[in-house]
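Just need the whole structure built from these sequences, with the hints factored in.
Spelled out, the chains give:
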Amino acid sequence: MSTLTYQRMQAVSADIRFGIMDLYAAYSAALDEGRYKDWADCFTTHAEYRLTTKENHERGLPIAIIYCDGKGMIDDRAFTTSETTISQPRALRHIVSGISVRADGDDYRVAADFLILQTMLDRMTEVVMSGRYIDRVVVDGHRFLFESRVCVTDTLLYPTSIAAPA
Amino acid sequence: MSTLTYQRMQAVSADIRFGIMDLYAAYSAALDEGRYKDWADCFTTHAEYRLTTKENHERGLPIAIIYCDGKGMIDDRAFTTSETTISQPRALRHIVSGISVRADGDDYRVAADFLILQTMLDRMTEVVMSGRYIDRVVVDGHRFLFESRVCVTDTLLYPTSIAAPA
Amino acid sequence: MSTLTYQRMQAVSADIRFGIMDLYAAYSAALDEGRYKDWADCFTTHAEYRLTTKENHERGLPIAIIYCDGKGMIDDRAFTTSETTISQPRALRHIVSGISVRADGDDYRVAADFLILQTMLDRMTEVVMSGRYIDRVVVDGHRFLFESRVCVTDTLLYPTSIAAPA
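Protein chains in written order, with the working numbering: chain A, 1 to 166; chain B, 1 to 166; chain C, 1 to 166.
Be aware that a few hints might be false.
Intra- or inter-copy, both count: the list cannot distinguish identical chains.
[To be verified] Below are the SDA-like pairs computed for lysine to any residue, each with C-alpha atoms no more than 20 angstroms apart in a straight line:
#, residue 1, residue 2
1, LYS37, ALA14
2, LYS54, GLY141
3, LYS37, LEU92
4, LYS54, VAL127
5, LYS71, LEU31
6, LYS37, GLU83
7, LYS54, GLU33
8, LYS37, VAL150
9, LYS54, GLY34
10, LYS71, LEU61
11, LYS37, TYR67
12, LYS54, ARG123
13, LYS54, ILE66
14, LYS54, ASP122
15, LYS54, HIS142
Since the hints were derived computationally from the structure, they do not count as laboratory data.
Structure follows, in structure tokens:
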């Protein structure tokens, strides 16, 4: 922790911190509002997106629930997600906390905890999953973008109804 | 997102961001600790407070679960809420994330995701509802206040036991 | 609230705010990843750690679920927790929001809301408890540390399976 704190005070300005927090907020809002094109636009051209379980992540297994290598695949995922979720009337809500930022050359290594809730038309709001984002963020002009986002869910019982990115 | 990020870097300083985060924290703490007068004091004289469902909000329907037009009505709501909740021994907990801020003239357009949990005396902690705050915040001297707060809940099945503001 | 906001603008810089947010993030990550030694290293030599219920806290009762007086007892707790949780394959996830900071001499009085979720091997993710952190934070060189952390849970039905700190 002391190392992290030290580097922050040396290298990561408030502007950068808020820029990254804004990227996280924009990402969550895009998914919760079903704006999948805006979700895809949170990534760089060569970005990696991966949704995997804690078990696979800790064992270093390449198996993932969703895996996208590059913006093309992310755009495809955005398109198929908007097609498949039209028939499913549910609201998603992302809650994110504990964002930590470490400068790494010109990039930033960022991590955070997430919780996703869903509300079906005829049911009360319920927990879908919790987990951790492990990210690499870059600055492109005035924009902050994900060069890499790995979503590690805590659950092994992955609900098959979830076609959407986390 | 790029527009939002750009405007932030131009216009919203760290002091303003933290001031708004403090207002959000003070608002949650007031509700969770049953200090409804302090809750009412988070609003300006002419403030609007509205608690509505996602469906009504998206259709632009004026129907709301709670609607207050001006501080007088908000004070009234604070008073009736403290009267009605005395008999109901439960603890509420507000979790808020993804606060985004955009300068709009002298005001700030702010949005965030929320999750409310409750703990009844004889039960485990459970999710009450999730949703989104859509706000207009103003600065009055050193104080940040809500000129308008709209709480949009994700659920249609609104628990009738909830008389309290969200 | 106005007092709090005023003091913040006078005394608590963005660097201090982010330093405290980083301490909170490091604390949560240490517990969620089972790094109990790192958890213990979030405290000063003479730190107090207490986990208690809302009822006991409000009545000023000294009874606590966990009580540690000084780093020695915190280190002991870290050791016993790692021993007892090995046999229990579950993932914890801390979500924290509403961090408020007030300068008090050279120290900082900090409070925040928390939500803890757990995922057992064969179950969906579920809420364990919600509550409030009431803390005193000090700066030791470049490091932010807890001089005191009191975790006040909202629940009376405290699950006996929870041996871990909150």
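Okay, the hints, checked on the actual structure:
1. LYS37 / ALA14: Answer is neither: 29 angstroms inside a copy and 30 angstroms across each miss the 20 angstroms cutoff.
2. LYS54 / GLY141: This pair counts as neither: shortest intra-copy Cα distance 34 angstroms, inter-copy 35 angstroms.
3. LYS37 / LEU92: For LYS37 and LEU92, only the intra-copy Cα distance (17 angstroms) is at most 20 angstroms; the inter-copy one is 32 angstroms.
4. LYS54 / VAL127: Intra 17 angstroms, inter 18 angstroms, cutoff 20 angstroms: intra and inter.
5. LYS71 / LEU31: The answer is within: 17 angstroms in one copy meets 20 angstroms, while 35 angstroms across copies does not.
6. LYS37 / GLU83: Only inside one copy: LYS37 and GLU83 sit 12 angstroms apart there, 47 angstroms across copies, limit 20 angstroms.
7. LYS54 / GLU33: between (27 angstroms within a copy, 11 angstroms between copies)
8. LYS37 / VAL150: within (19 angstroms within a copy, 26 angstroms between copies)
9. LYS54 / GLY34: Between copies, since 13 angstroms is at most 20 angstroms while 26 angstroms is not.
10. LYS71 / LEU61: neither (23 angstroms within a copy, 38 angstroms between copies)
11. LYS37 / TYR67: Within. Shortest intra-copy distance 17 angstroms satisfies the 20 angstroms Cα cut-off; inter-copy 34 angstroms does not.
12. LYS54 / ARG123: So LYS54 and ARG123 pass the 20 angstroms test across copies only (14 angstroms; inside, 28 angstroms).
13. LYS54 / ILE66: within (14 angstroms within a copy, 29 angstroms between copies)
14. LYS54 / ASP122: The answer is between: 14 angstroms across copies meets 20 angstroms, while 31 angstroms in one copy does not.
15. LYS54 / HIS142: neither (33 angstroms within a copy, 32 angstroms between copies)
Consistency with the previously given hints fails for numbers 1, 2, 10 and 15, ordered from lowest to highest.
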